[in-house]
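Taking the working numbering, the leading residue of the sequence shown gets 1070, the next gets one more, and so forth.
Incorrect hints may appear among the rest.
Below, simulated DSS-like cross-link-like pairs (lysine-lysine); rule was C-alpha separation at most 30 angstroms, straight line [said to hold, decoys possible]: (1) K1252 with K1157; (2) K1350 with K1401; (3) K1252 with K1289; (4) K1350 with K1252.
No lab work stands behind these hints, which were simulated from the structure alone.
Owing to the predicted nature of the structure, the values given are computational and were not obtained by experimental measurement.
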Amino acid sequence: VISFLVTVILASMFMSFTTGSAFTILAFCVMISILFSTLARLRANQIGLRLPDVMGIELPIAISMAGLVLVHIAGRISNSVVEFDDAKHLAVIAIGLTVLSGVGLLGRSDLGLRIPNALEGVVYLLAFDRIICALVGGEVPLPFQFGPLDGTLVNWTMPLVFIEILMLGFLLGFDWVEGERIKRGLADHRGSGGRSAWLIFASLVSFGPAALLAIVLGIKRGWAWQQPAVVMIAWIMLPLPIHGTLLWANDYLRLPEFGMNITAALLGIGSIMFIIWSIGKNMGIWLASALWSMHILLFAAGIGWGDLAILSVFIMVCSTTSWVSGILTLRKSWRVFGAVDLVIAWIVSFVMLSSGGDIESILTVLIASAGLLGLVTYLTQTYEAEMDRE
């Protein structure tokens, strides 16, 4: 079966690349792969054969799923006419990957482990396919830059909405398995790296709602498993699906328009509130991720604003928060980060001054610097004995 599947995949790739029938060939390859993978799975069940796994997916099914992606990519980079406003091919490959992953679950008793593997296989391959096609000019929707109502009903809206519904189902299914493992006291089966990769790749395939759900569930499970890295990645990614959704939904919501820099700044302020909470509650496990989130969001917001004075003030806010956090928690590394942030803020201020910045902006930076140094001096003197014992 594996030899036949490999032959079909290679032949389909060649025909998809050299002819103008990429969609038809992809659909044919999907049907053949499903048929023979199902036969292999049923036969293995009958004789009690355990097939080798690739990342938790049985080898014939993994080959078929990867082959569908290769056939699709070959069709998108061919010399034939490739239309951007026709997304039916995306729905076909999503159907093929979903059905194949479901075939791999037939007759299995270890569904608690198999279901997450199957869902990850589908989502990761869809994201990989979308990224590669975008890089090679395969005319596919770019992440967070498209809406479901940008084209015709049959060729654009229905395929993309169908994929979005699939993604919502995948996310809820993955979260259900997570909840069952927590309820039964089982060990974490993914870790912060796997959980972070899941929410990132799931977000890349979505036009908004599924990405928002992935981030919400990522924060929920990252908090439950005490994984600050997952919560941090979800938090700093949040501006992307928010504005990806508003890109098309605001035609109906009629909300006031605002840039991603404002969203990033608000989330950066939220990170500062979380830093205050983590210090007050002595929850040091969350402090580093909150400080990194603040830095990334406020630096990005300041750069997006296009005003060196605002960027300098935001960097000083980061400096103040890091320095004060380092003093209160007796962590020298964050005091060093605070000092480095202050130097960067002054460098930005010198650039602003040399480029003819107005006196009000320079005065704002000087006042912020004086306030920062005064606060740090006061706290250093207050906690001098504790820091000497550090």
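Output the indices of the hints that this structure fails to meet, ascending.
1
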